[in-house]
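Number of protein chains: 2
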Amino acid sequence: MAYKSDIEIARAAQKKPIQEIGDKLGIPTEHLLPYGHDKAKVSQSYIDSVQGNKSGKLILVTAINPTPAGEGKTTTTVGLGDGLNRIGKKAMVCIREASLGPNFGMKGGAAGGGYAQVVPMEEMNLHFTGDFHAITSAHSLLSAMIDNHIYWGNELDIDIRRVVWRRVVDMNDRALRQITASLGGVSNGFPRETGFDITVASEVMAILCLAKNLKDLEDRLGAMIVAYRRDKSPVYCRDIEAQGAMTVLLKDAMQPNLVQTLENNPAFVHGGPFANIAHGCNSVTATTTALKIADFVVTEAGFGADLGAEKFMNIKCRKAGLAPDCVVLVATVRAMKMNGGVAKADLGAENVDAVKEGCANLGRHIANLKSFGVPVVVAINHFVNDTDAEVEAVKAYVKEQGSEAILSRHWELGSEGSADLATRVAEIAESGASDFKPIYPDEMPLMQKIETIAKNIYHADGVVADSKIRDQLKQWEEAGYGNLPICMAKTQYSFTTDPSRRGAPTGHSVPIREVRLSAGAGFVVVVCGEIMTMPGLPRVPAATSIRLNDGGEIEGLF
Amino acid sequence: MAYKSDIEIARAAQKKPIQEIGDKLGIPTEHLLPYGHDKAKVSQSYIDSVQGNKSGKLILVTAINPTPAGEGKTTTTVGLGDGLNRIGKKAMVCIREASLGPNFGMKGGAAGGGYAQVVPMEEMNLHFTGDFHAITSAHSLLSAMIDNHIYWGNELDIDIRRVVWRRVVDMNDRALRQITASLGGVSNGFPRETGFDITVASEVMAILCLAKNLKDLEDRLGAMIVAYRRDKSPVYCRDIEAQGAMTVLLKDAMQPNLVQTLENNPAFVHGGPFANIAHGCNSVTATTTALKIADFVVTEAGFGADLGAEKFMNIKCRKAGLAPDCVVLVATVRAMKMNGGVAKADLGAENVDAVKEGCANLGRHIANLKSFGVPVVVAINHFVNDTDAEVEAVKAYVKEQGSEAILSRHWELGSEGSADLATRVAEIAESGASDFKPIYPDEMPLMQKIETIAKNIYHADGVVADSKIRDQLKQWEEAGYGNLPICMAKTQYSFTTDPSRRGAPTGHSVPIREVRLSAGAGFVVVVCGEIMTMPGLPRVPAATSIRLNDGGEIEGLF
Chain A
1 MAYKSDIEIA RAAQKKPIQE IGDKLGIPTE HLLPYGHDKA KVSQSYIDSV QGNKSGKLIL
61 VTAINPTPAG EGKTTTTVGL GDGLNRIGKK AMVCIREASL GPNFGMKGGA AGGGYAQVVP
121 MEEMNLHFTG DFHAITSAHS LLSAMIDNHI YWGNELDIDI RRVVWRRVVD MNDRALRQIT
181 ASLGGVSNGF PRETGFDITV ASEVMAILCL AKNLKDLEDR LGAMIVAYRR DKSPVYCRDI
241 EAQGAMTVLL KDAMQPNLVQ TLENNPAFVH GGPFANIAHG CNSVTATTTA LKIADFVVTE
301 AGFGADLGAE KFMNIKCRKA GLAPDCVVLV ATVRAMKMNG GVAKADLGAE NVDAVKEGCA
361 NLGRHIANLK SFGVPVVVAI NHFVNDTDAE VEAVKAYVKE QGSEAILSRH WELGSEGSAD
421 LATRVAEIAE SGASDFKPIY PDEMPLMQKI ETIAKNIYHA DGVVADSKIR DQLKQWEEAG
481 YGNLPICMAK TQYSFTTDPS RRGAPTGHSV PIREVRLSAG AGFVVVVCGE IMTMPGLPRV
541 PAATSIRLND GGEIEGLF
Chain B
1 MAYKSDIEIA RAAQKKPIQE IGDKLGIPTE HLLPYGHDKA KVSQSYIDSV QGNKSGKLIL
61 VTAINPTPAG EGKTTTTVGL GDGLNRIGKK AMVCIREASL GPNFGMKGGA AGGGYAQVVP
121 MEEMNLHFTG DFHAITSAHS LLSAMIDNHI YWGNELDIDI RRVVWRRVVD MNDRALRQIT
181 ASLGGVSNGF PRETGFDITV ASEVMAILCL AKNLKDLEDR LGAMIVAYRR DKSPVYCRDI
241 EAQGAMTVLL KDAMQPNLVQ TLENNPAFVH GGPFANIAHG CNSVTATTTA LKIADFVVTE
301 AGFGADLGAE KFMNIKCRKA GLAPDCVVLV ATVRAMKMNG GVAKADLGAE NVDAVKEGCA
361 NLGRHIANLK SFGVPVVVAI NHFVNDTDAE VEAVKAYVKE QGSEAILSRH WELGSEGSAD
421 LATRVAEIAE SGASDFKPIY PDEMPLMQKI ETIAKNIYHA DGVVADSKIR DQLKQWEEAG
481 YGNLPICMAK TQYSFTTDPS RRGAPTGHSV PIREVRLSAG AGFVVVVCGE IMTMPGLPRV
541 PAATSIRLND GGEIEGLF
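These protein sequence lines are chains A and B, in that order. Numbered per the working numbering, the first sequence spans residues 1 to 558. Numbered per the working numbering, the second sequence spans residues 1 to 558.
Bound-form chain A, shown alone (with noise of 0.2 Å):
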């Protein structure tokens, strides 16, 4: 049997007018902003409007250790989303927005797949509704005013060699990544080294995908540390007074994305931040607002459960106020069979040990979710060489973790695949069985909330960190920032920080490298390894096959 590409069903979705779409959540049309007929922004005075509503169920779809074999995410959260909708329940899905940069790198990516997708495909990996060019021209402007101040005199002491603020753009450009500016004489200002990052990584997209409301917006951005002077004092976004005029070049970014899956149901696209550096959550704006308008929310984080869930919990619902009702932890065949040691060509054959002995990274995942007090269900995204056998046994070894394992057929089927998951994870969403806790509290010391991670989740004997790491942490807790959370960033193809240790290694530490303060989104970045901020192209980047066809249509986009 052949099946369609994602590309394929996408083109072929008989979409309803958004406003059709919002008519099923209550939004009256002049509440609904359209961009084209299938893509709408909520208006702000909307959102006002339903803050006093009841919420709905809340829940999380993560995923174990990511490897190349795929595990389906997206896919799953849409797949849920829609088999909630079938089984009678008022249900939406958010989900974050894609950077258009890598696109003309590799292919852009579906939001999903198969027959469980949210759609219009091709604008959501282009320019969408313009919320990431907002960000870029907020962040330049800030840009641009820091070194406009230091052009006129600098009376704010900044020190040019401790400037903090990078430049942004979207688009991946290796060649931008350490520049020397204001060359070329007195009138282009001071020279001093700078470089920049791909618009994801701003700050500003973490304090986007964060803020309560424009006025949090603001005041998160003012909060931004942009440099220091001499004497190492921090200076703020708010001494370059740039915060207002930002807020308003984000006004509209902040109001979340409406559009639709296949089967026509409503989901918000808003917000994408990166999942190393920042917290890889969609917008609290968005999901706190379809809390207020639908009864289940089906929302997801970056990566892997270890990195991307625990900032789900410990970052983003912390913040606002969120607790999820049940999680749903995503795992494939596929997978199991790849953390079992099978080589991705050999996925094909059954093997069923290799799956058992792949579930160990599984369980990890299912252990740490629960010291969030919150209840898990693990859905097997059914691929279609899957043997009942093998799928048996991922069920049979989540039930001796006392959880539970449902095949979801929604890739291949739509919600008719996925009705059963829908059906156990709304039971337990409204049974109230979460007691949801992040694992450390506000007042614990940054280095103590670090050790917390790495053991409780990452199941490390300890933390590596030299003096000067120690020393700093200490600074910002001397200075009133020992209050926030921690943003890890690490690989996500294991528990360590070593991306071929998969399973659920013990017996190794993590290393820190560096820690960096975002004071106006709120965590102190935790870098374990690696971490690139500006991505380049490859040797033949897609966009030398990307055009429009005689048809109009978009080739090799995907």
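By construction, these hints were calculated from the structure, which means they are not laboratory data. Computed from a prediction, not measured in an experiment: that's the story for all the values here. Hints may contain errors.
Chain copies aren't distinguished; within one or between two, either way the pair holds.
Stated by the list, open to error - Mimicking BS3-like on lysine-lysine, the simulated pairs with C-alpha atoms at most 25 Å apart in a straight line are:
1) 344 / 399
2) 251 / 107
3) 251 / 215
4) 16 / 251
5) 399 / 54
6) 319 / 356
7) 232 / 24
8) 15 / 251
9) 107 / 215
10) 370 / 24
11) 370 / 4
12) 356 / 437
13) 437 / 215
14) 24 / 474
15) 215 / 319
16) 24 / 292
17) 399 / 15
Model the placement of chain B on the given structure of chain A, informed by the hints.
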């Protein structure tokens, strides 16, 4: 009597849903892609479908050399469009989009003024429909792909000292004017000097505004010269294989943006190339589409008639096969007085002699415009303090020149004030009196074209160019670019290259500092004097007082 500010009037506008505005033009709702409730793009398929329609009449609004008194070119364009609608004509306005960056330096500008404005004013000064962001993205993609090509082995043998493709950002950021990129070692590429211009200066912008359709856009993008080899042979964008993906990024930006005047008449606001190193007109797509769906199209050109109208005629009309049926030359009594030697502070007092003295500038523009074979009407854009005697002095002078001047009070009264102007302009446009022809043929050698403009339009004695420049022009002729039109980049304040020489100076010559080839846009840029392609911010940028107030309104942008 107290007059309301432009922003007060704009905010009080009784806007109609954009679908109703489109309906006036006969555009079906499904062919209007809305951006909010008051902006829409016209679908490509609708644009294609009207190509067989009869064309309406084209009216160009241009002006005398600008003075600090202001001449009100856009205001008159909008007022005339409303006036034509008032007298029962199906008319629309075509103007340029505003650049984002400069709004954060000085305050943003209205599209028109008083009761002759296009709305929504605030959004047109911010992200609008994202066209400029798309241009920035397309430009940035090519930038990244050039350095990426060099990084991966430089198969095209690009001389890294001769990469002429700079980067762009839509922000006033002087620190980026000159940079050293690709620093930091092997993984970041080969260090080289480059810099950023503001987005409106991108050749991509000029191309978007001159391209007839998406195919033409892609061809022109491919034809851009991005670098040279050591043997000085050019490397084109198509050698980098970026033009297809750039076209995909620009496909929505190619569609004209429909908005409305304060009187709910349709306006296209689309494209905005620099008026110095580019041609300074709104897009060909907007103008030609408007001509197919309206009986009268009123458009404008940048700067004074010596630059703007000259380029409109010799570049835009030539390339797009357009021919203006009437030209409206905007003048003000105040500007005449300044040309007659009155200081700005003294403009309030009646001074008929100064008005008469200053009319020489007006007279030369009339004669110049007539040399293109087009009928010319002078619109006296009325300021409330102008006296009858002053107005009569202008009218009498224009009559002596064999033309006519009509007082227009659209700023104060809207279309009621511009009905007389509209009536006369419609008569002339419908009379068939126009016999338009560019002032030089394609086949004239490049240097001779420059001399033709210098002598016939600037009334200079001649052109001063060293042998390096003359040799360069000859090389381009040998390479097949001799048939291109000229794009003059000189001061807008004078017929000469000296901004302080007002009136109708003679006895001057035109020194050429530099020539540049815009092979994709299809013109040779002749730079006379300092041309700034990346502005800076002032000591106290407007951005420091821009913010959202408690009511969610933008403060400080205007």
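Results of checking the hints against the structure:
For a Cα distance limit of 25 Å, the shortest separation of residue 344 from residue 399 qualifies neither inside one copy, at 27 Å, nor across copies, at 86 Å. When the C-alpha separation of residue 251 and residue 107 is checked against a cutoff of 25 Å, the pair qualifies only between copies, where the shortest distance is 19 Å, while the shortest distance within a copy is 31 Å. Taking the shortest Cα distances, residue 251 and residue 215 sit within 25 Å of each other inside one copy (10 Å), while across copies they are farther apart (35 Å). Proximity of residue 16 to residue 251 under the C-alpha cut-off of 25 Å is restricted to the inter-copy arrangement: shortest distance 23 Å between copies versus 27 Å within a copy.
Neither within a single protomer nor between protomers do residue 399 and residue 54 lie at most 25 Å apart by alpha-carbon distance, with minima of 34 Å and 74 Å respectively. Taking CA atoms no more than 25 Å apart as the test, residue 319 paired with residue 356 passes in neither setting, with 38 Å inside one copy and 70 Å between copies. In the homo-oligomer, the alpha carbons of residue 232 and residue 24 never lie at most 25 Å apart, since the shortest distance is 54 Å inside one protomer and 62 Å across protomers. Taking the shortest Cα distances, residue 15 and residue 251 sit within 25 Å of each other only across copies (21 Å), while inside one copy they are farther apart (28 Å).
For the homomeric pair residue 107 and residue 215, the shortest alpha-carbon distance between copies (23 Å) is at most 25 Å, but the shortest distance inside one copy (38 Å) is not. Proximity of residue 370 and residue 24 under a CA criterion of 25 Å is satisfied in neither setting, with 34 Å inside one chain copy and 62 Å between copies. Proximity of residue 370 and residue 4 under a CA criterion of 25 Å is satisfied in neither setting, with 38 Å inside one chain copy and 63 Å between copies. Taking the shortest Cα distances, residue 356 and residue 437 never come within 25 Å of each other, neither inside one copy (31 Å) nor across copies (82 Å).
In this assembly of identical chains, the alpha carbons of residue 437 and residue 215 never lie at most 25 Å apart, being 27 Å within a copy and 57 Å across copies at closest. For the identical chains of this complex, residue 24 and residue 474 are neighbours neither inside a copy (51 Å) nor across copies (67 Å), given an alpha-carbon limit of 25 Å. For a Cα distance limit of 25 Å, the shortest separation of residue 215 from residue 319 inside one copy, 15 Å, qualifies, whereas the shortest one across copies, 50 Å, does not. Only within a single protomer do residue 24 and residue 292 lie at most 25 Å apart by alpha-carbon distance; the minimum there is 13 Å, versus 40 Å between protomers.
Within a single copy, residue 399 and residue 15 get their C-alpha atoms no closer than 40 Å, and across copies no closer than 62 Å, so neither meets the 25 Å cut-off.
When the structure is compared with the earlier hints, violations turn up for hints 1, 5, 6, 7, 10, 11, 12, 13, 14, 17 and for no others.
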